[in-house]
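What the sequence shown shows, in mature numbering (1 follows the signal peptide of the UniProt record, and there is no 0), is residues -20 to -1, 1 to 475, in sequence order.
It cannot be assumed that every hint is accurate.
In silico SDA-like links for lysine to any residue, alpha-carbon gap of 25 Å or less [to be verified]: (1) Lys415 / Asn368; (2) Lys449 / Met222; (3) Lys466 / Glu78; (4) Lys246 / Pro157; (5) Lys428 / Asn403; (6) Lys449 / Asp282; (7) Lys294 / Arg435; (8) Lys449 / Thr279; (9) Lys466 / Thr245; (10) Lys466 / Pro157; (11) Lys115 / Glu78; (12) Lys182 / Lys115; (13) Lys449 / Ser399; (14) Lys449 / Pro430; (15) Lys428 / Ala439; (16) Lys466 / Ser453; (17) Lys294 / Leu326; (18) Lys415 / Asn318; (19) Lys246 / Arg98; (20) Lys294 / Ser406; (21) Lys428 / Ser440; (22) Lys294 / Met436; (23) Lys246 / Pro226; (24) Lys182 / Lys246; (25) Lys428 / Gly373; (26) Lys246 / Arg296; (27) Lys415 / Ser399; (28) Lys466 / Arg336; (29) Lys115 / Pro157.
It should be emphasised that the hints constitute simulated quantities derived from the structure, not laboratory data.
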Amino acid sequence: MPLLVFFLLYVALAVTLSSSAPVGEQDRSTVAITRRLSEDPITSFQTLYPVDGVQQQEESVHQAPVLPVVVNESGPAVVIGVKTRVIANFAYRQAIRETWASQTDLPRDVKVFFVGCRPSLGDIYNTDERERIEKAIELEKQTYGDLLTHELDCDDSYIDLTAKVKEFIRFATQMFPNTSFVMVGNDDIYLRAGHLVNYLLKGSQSEHLYLGQVWDKRLGRSTSPVGDPTVPNYVSESFYPMSSFPPYARGLLYLIPADCARFITKNQRRLSSLGGMDDVSVAVWLLSIQVHAERLDHTPMDLITPTYAVSEEKRRFCAYLYARCDRPQREYMFDVLNAMEPVDALGVCAGSSRPRNLSHRASRFSLWYNDDAVATFRQYKFVIAFENSGVPGYVTEKLINPFLAGSIPIYLGNSTTVSQLYNPESFIDCGHFAKLVECAAYVMQVHKSPELYARMRRASPIRNITAFKEAFSWHPSVPSSDLADKVAKMLQMDP
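All chains should be built: construct the whole structure from the sequences, respecting the hints.
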């Protein structure tokens, strides 16, 4: 069984309307508008655009903006496609128009479209009802000029969701050939568009950049193909034979640069969808050109050599950064070490004897979560790095982030798996101790011995270079294209 080790990237450019994270004034207004309009979306749709009022508004509608019919040579820096259900989700579109995509809040170099595709009216048997809805849709399109329906060759259905994304990417690249980035998101997000643009314009990388909230089984969510043909996300084993999906940026919100968008458009007819999972599909497509959702400040190659941070004398003892407090072993380890020497609890969890610190809840969704964690860990000699599970093949960012920070991980996971790739002399594996108290005692021994600590810090984190290249062949910084070549061959892609 191959060892899968993935970097994890959190992006806090979007906040779902149902998120427990604190929201600002505009977030609350978005929620209020959505609740007001979505109690009965179709009725609200027709109330705001009453059929009897269509003729009365014809004069003003005639002057309203319409969808672009010619190529925009200059174009915005970012073109955003918001996935939406044409008939059911008018309330969500209107909430976005009145909040983060309003004329006052949306930056001038950002263009927003609602990606609807051809609406399904087959279930509406009443002719008058169908005509009312058709007129309401057309009036919305004429009034706002941002709703895409028949301009895209796709149906407004979940099973056609991947085609919806492909069609929008084609639309964006053809209508705005000079745009720098294409973004796809859901219609239940609040986007800090100004913050996004400022970050992108400051960055030096504009090619092969695939950003989003990376999702995999480490977060407690299944990333395995669904084998039940009755489920919308069904993927046959013959079509996708692997046991799990690669890390992917969730459909909530993800961004790709123009070069990746053009690649998808160029190969549009060849690209197959994985059910209605547009986010997983995009991840698989981009793997064929070695593009992946990545942390911005680090690459796997940074693990080859040790990182030397600030002077050890100026570093604090140990960091503990967790948002899930339902793992008693690591909570106990915090308690034991903290009794020996103060340990800094930087997240929600603070040991079994303390209440959760909910003031840290929003920090898990800050910009570039892992890079922030690495920067924080640089101030510490040790980091408690206990996995959520000890199952074979499960090694996560909990071990990698301390390495990148130049700290020594205090690790607990699957000792056999972790030793296949990582050097046991570069970290403290509590799995080799009979009791966690004994592991904690050894941590204190290393802490108080400059010689032991320096020797462990000088050891390279990577033990097996061959296994390293195989495990990280998906990353362009690693001199191996094994995984990308296999994906490209399977999909018969043009570069």
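Checked hints:
1. Between Lys415 and Asn368, the direct Cα distance comes to roughly 18 Å. Compliance with the 25 Å bound is thereby established for this hinted pair.
2. As the CA atoms of Lys449 and Met222 are separated by approximately 19 Å, the hinted pair is consistent with the 25 Å bound.
3. For the proposed pair Lys466 and Glu78, the alpha carbon gap of about 46 Å is over 25 Å, so the pair is violated.
4. Taking the CA atoms of Lys246 and Pro157, the gap is about 13 Å. The hint holds against a cut of 25 Å.
5. At roughly 22 Å between alpha-carbon atoms, Lys428 and Asn403 fall within 25 Å of each other, so this suggested pair holds.
6. The suggested pairing of Lys449 with Asp282 holds, with an alpha-carbon distance near 13 Å, which does not exceed 25 Å.
7. The suggested pairing of Lys294 with Arg435 holds, with an alpha-carbon distance near 18 Å, which does not exceed 25 Å.
8. Simply put, Lys449 and Thr279 have alpha-carbon atoms about 13 Å apart, close enough for the 25 Å limit, and the pair holds.
9. Distance check on the hinted pair: Lys466 and Thr245 sit about 21 Å apart at the alpha-carbon level, within 25 Å; holds.
10. For the hint linking Lys466 to Pro157, the alpha-carbon distance of about 30 Å lies beyond 25 Å, and the restraint is violated.
11. Proposed proximity of Lys115 and Glu78 is supported: the alpha carbons are some 22 Å apart, at most 25 Å.
12. A hinted pair counts as satisfied when its Cα atoms are at most 25 Å apart, and Lys182 with Lys115 does not qualify at roughly 44 Å.
13. The hinted pair formed by Lys449 and Ser399 meets the criterion: a straight-line CA distance of about 15 Å does not exceed 25 Å.
14. Restraint check for Lys449 and Pro430: the C-alpha separation of about 33 Å exceeds 25 Å, so the hint is violated.
15. At roughly 18 Å between alpha-carbon atoms, Lys428 and Ala439 fall within 25 Å of each other, so this suggested pair holds.
16. Taking the CA atoms of Lys466 and Ser453, the gap is near 11 Å; set against the 25 Å cutoff, the hint holds.
17. As the CA atoms of Lys294 and Leu326 are separated by approximately 18 Å, the hinted pair is consistent with the 25 Å bound.
18. Pair hint Lys415 plus Asn318 holds up; C-alpha atoms about 16 Å apart against a cutoff of 25 Å.
19. Distance hint between Lys246 and Arg98 is fulfilled; the C-alpha atoms sit about 23 Å from each other, no more than 25 Å.
20. Under the criterion of a C-alpha separation no larger than 25 Å, the hint pairing Lys294 with Ser406 is consistent with the structure, at around 21 Å.
21. The straight-line distance between the Cα atoms of Lys428 and Ser440 is roughly 21 Å, inside the 25 Å bound, and the hint therefore holds.
22. Taking the CA atoms of Lys294 and Met436, the gap is about 18 Å. The hint holds against a cut of 25 Å.
23. Pair hint Lys246 plus Pro226 holds up; C-alpha atoms about 23 Å apart against a cutoff of 25 Å.
24. Restraint check for Lys182 and Lys246: the C-alpha separation of about 29 Å exceeds 25 Å, so the hint is violated.
25. This hinted pair does not check out: Lys428 and Gly373 have alpha carbons roughly 33 Å apart, beyond 25 Å.
26. In summary, the hint linking Lys246 to Arg296 is not supported, as the alpha carbons are separated by about 52 Å, beyond the 25 Å threshold.
27. With a CA separation close to 20 Å, the supplied pair Lys415 and Ser399 stays within the 25 Å bound.
28. The hinted pair formed by Lys466 and Arg336 fails the criterion: a straight-line CA distance of about 46 Å is larger than 25 Å.
29. A hinted pair counts as satisfied when its Cα atoms are at most 25 Å apart, and Lys115 with Pro157 does not qualify at roughly 32 Å.
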